[in-house]
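J.: Under the numbering used here, the sequence shown has 193 at position 193, and the numbering climbs by one with no breaks.
There's no promise every hint is true.
Stated by the list, open to error - Distance windows between CB atoms, simulated:
#1 268 x 164: 16 to 24 Å
#2 166 x 221: 16 to 24 Å
#3 295 x 167: 24 to 32 Å
#4 336 x 144: 17 to 25 Å
Please keep in mind that the hints were generated in silico from the structure rather than gathered at the bench. Glycine included, each C-beta is placed from N, C-alpha and C at the ideal position.
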Amino acid sequence: MTVRDGYRLTTESSRTILESIRDLLSIDEGLRPALGSRSTPMELRHLRYFVAIAEEENFRRAAEKLHVSQSPLSRQMQQLEEEIGAELFEPSGRGVKLTPAGRLLLDRAKTILSDVGAAAREVRETAEGQIGTVTIGFESGSAYVGPLSTILMRFREQAPRVNVELVPMSSAQQWDALRAGQISLGYGNYVPDDSSLQSVVLARHRLGIIVPKQHPLATESMIEVKDLATEPMLLDPRRSNPRLYDDIIAAVRARGVTLNVISEILDGEALLTLVASGFGLTFGAEPAAPFLAVGTAIWKPVSDLGLEMRNIAMWRPDAQPLLLRPLVDVVREFAAAPRDREMGLRRHESERQRRPRRG
1 MTVRDGYRLT TESSRTILES IRDLLSIDEG LRPALGSRST PMELRHLRYF
51 VAIAEEENFR RAAEKLHVSQ SPLSRQMQQL EEEIGAELFE PSGRGVKLTP
101 AGRLLLDRAK TILSDVGAAA REVRETAEGQ IGTVTIGFES GSAYVGPLST
151 ILMRFREQAP RVNVELVPMS SAQQWDALRA GQISLGYGNY VPDDSSLQSV
201 VLARHRLGII VPKQHPLATE SMIEVKDLAT EPMLLDPRRS NPRLYDDIIA
251 AVRARGVTLN VISEILDGEA LLTLVASGFG LTFGAEPAAP FLAVGTAIWK
301 PVSDLGLEMR NIAMWRPDAQ PLLLRPLVDV VREFAAAPRD REMGLRRHES
351 ERQRRPRRG
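Please take these sequences and the hints and turn them into a complete structure.
T.: What follows is the structure, given as structure tokens:
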């Protein structure tokens, strides 16, 4: 596959075009002897004219169908026969019929014209941004519980034939990938420190603590950073999200607490499983609360932690192919009224939790 500026042209597209051109220039090696300098290079119009004559079985009717004069049409067929090195038609009553070589060429010519037409349509639709693949880098742990799925749903409604590829990477890795043209859009937690990248904040969420439901802190009405001083902590490795890791360490140290980090676990599901099993506590954003509720862990706010998780979309304003523009438009629209949207999401979640469960 070829990837440029986060835009992907499939290998199948390239192969269709190349094979069609090769077929056009080489109808059948068995039909083509060594050609002299008198031969005229074959062009698409030769095949179109040939197919029309073969279908009409008459030069005059074919010329009328093609809206050309009969004399130039005859010359085009002479050139085609010279190029191939075989007679394609033979007289039949007042018209013509195909020779064995002509019958073979007819099947090949129809396939070639169909493939070339399909390739041209695909290239045109690709250039117009109707088909292709958008590659999005995302911060692990924030895609499913954040607004990304809503944004992609709206984008899919506008561009149903565009595929989306999601690639996990930290915010800093996304900045590098955007600059290198390896992804089209970034979805991270931090605003890029690069003026060449444009970004918008999609949502803000409080960072709190995730504890087992049987843990004493699970029933506390208010948790402070000092309550975490003696607790075993499980964290994502610093390499997975360096800035968030450093922000957490700095925030608790500002309250006079040094975390007792007993393990760093890269896999999010493994991390939550260990927390739910009582091996330690971890930090998480508030949108995780409804998903934790179905298991044996619970999200709790920490009143003096003072950290938030932000969902930020970022892109290169100087590299916006037509394929990407509808997605950027959706992102901008989503970011336009965050307060109204958050109120609507919270109301929807409250209504969902009040619904009676089916036994």
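J.: Hints first: check each against the structure and report whether it holds.
T.: A quick look at each hint next to the structure:
1. 268 x 164: 16 to 24 Å: holds, 21 Å
2. 166 x 221: 16 to 24 Å: Hint violated: Cβ distance 38 Å, outside 16 to 24 Å.
3. 295 x 167: 24 to 32 Å: holds, 28 Å
4. 336 x 144: 17 to 25 Å: Since residue 336 and residue 144 have Cβ atoms about 23 Å apart, the given range 17 to 25 Å holds.
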